[in-house]
Amino acid sequence: DAGITQSPRHKVTETGTPVTLRCHQTENHRYMYWYRQDPGHGLRLIHYSYGVKDTDKGEVSDGYSVSRSKTEDFLLTLESATSSQTSVYFCAISDRLISGANVLTFGAGSRLTVL
Amino acid sequence: SQQGEEDPQALSIQEGENATMNCSYKTSINNLQWYRQNSGRGLVHLILIRSNEREKHSGRLRVTLDTSKKSSSLLITASRAADTASYFCATDAIAGRRALTFGSGTRLQVQP
Chain A
46 DAGITQSPRH KVTETGTPVT LRCHQTENHR YMYWYRQDPG HGLRLIHYSY GVKDTDKGEV
106 SDGYSVSRSK TEDFLLTLES ATSSQTSVYF CAISDRLISG ANVLTFGAGS RLTVL
Chain B
-16 SQQGEEDPQA LSIQEGENAT MNCSYKTSIN NLQWYRQNSG RGLVHLILIR SNEREKHSGR
44 LRVTLDTSKK SSSLLITASR AADTASYFCA TDAIAGRRAL TFGSGTRLQV QP
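One line per chain: the protein sequences are A and B, in this order. Under this note's numbering, the first residue of the first sequence is numbered 46, with each subsequent residue one higher. Under this note's numbering, the first residue of the second sequence is numbered -16, with each subsequent residue one higher.
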C-alpha cells in the first residue's frame, strides 16, 4: 500500500448523512479510481479520474460524486448515504505512460457501514 | 455486469498441489491481469498478459490466454499455505472506459 493511503479506514454513519472518503497518493500517477467491493460482486468501478478536474463515471456511479482538485487527492462523496452503500471502498492508482499498461496499485480500503 | 467471471468461486487444496483458476470475459481486450487479495487487504497485482501473448510465467505462476474463447487461466504450482487468498482477473478493454473491469474472484484455501 506504499504511496497510496485511504482515510478513514473505518466509518459508521447513519442513513441520510453525507460521507467523504479520501484517497491520497505520493506517486504522482495520472489515473485514480474508486471501486467498491461487495460479496459476490468482486470490484465494481464507481468513478475514475484521468487528470486534475477530469473525471468519468463507472458502472455503479449513482449516489456518488468525486472531485480531484490536485494530482495527489481523489475524493469520493456520498451525498446522502444509504444502507445499500455499505461496502468496502478501494482507491487505486496507475500511470499507463510509464508501464504501458493500466496496472493498478490499490490502497488498503475503507470500510463503510451505513445504519 | 461483470466483464470477467471466475471459476471456481472457491477452491480448497493441500499444500504442494497445483491450483488452477479460470476467467472468462466478454469484450476485446488489450491485456488481462490477475490480482491477489489477502483477507482485509487491498489487491496486489500478480501478472499481466497482453492480447498477443498466449502464455506467461512468473515464478510459480503460469497464465494462459485464449482470445478466441475469451478466457484465461491462472495456475499456481506447488501451492503453499501463504497462497491462501482471493484471486481476481481484470480486463483492460480496447473500447470504453480507461479502467479495469474485475471478475468476482476465486477464494483459494491451501491447507497445510
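Rather than coming from a laboratory, the hints here were simulated on the basis of the structure. Backbone N, C-alpha and C fix where the C-beta goes; we use that ideal spot for every residue, glycine too. Heads up, a few of these hints could be off.
Computed footprint of chain A on chain B, listed as stretches where at least three residues anywhere in the stretch have a Cβ under 8 Å from a Cβ of chain A [said to hold, decoys possible]:
# : stretch
1 : 9 to 17
2 : 34 to 40
3 : 73 to 86
Taking lysine-lysine and the BS3-like style, the derived pairs with C-alpha atoms no more than 30 Å apart in a straight line are [as the list claims (entries may be wrong)]:
# : chain 1 : residue 1 : chain 2 : residue 2
4 : B       : LYS39     : B       : LYS52
5 : B       : LYS39     : B       : LYS9
6 : A       : LYS102    : B       : LYS9
7 : B       : LYS53     : A       : LYS102
8 : A       : LYS102    : A       : LYS56
9 : B       : LYS9      : B       : LYS53
List in ascending order the numbers of the hints, as given earlier, that are violated by the structure.
-> The structure conflicts with hint 2 only, although it agrees with all the remaining ones.
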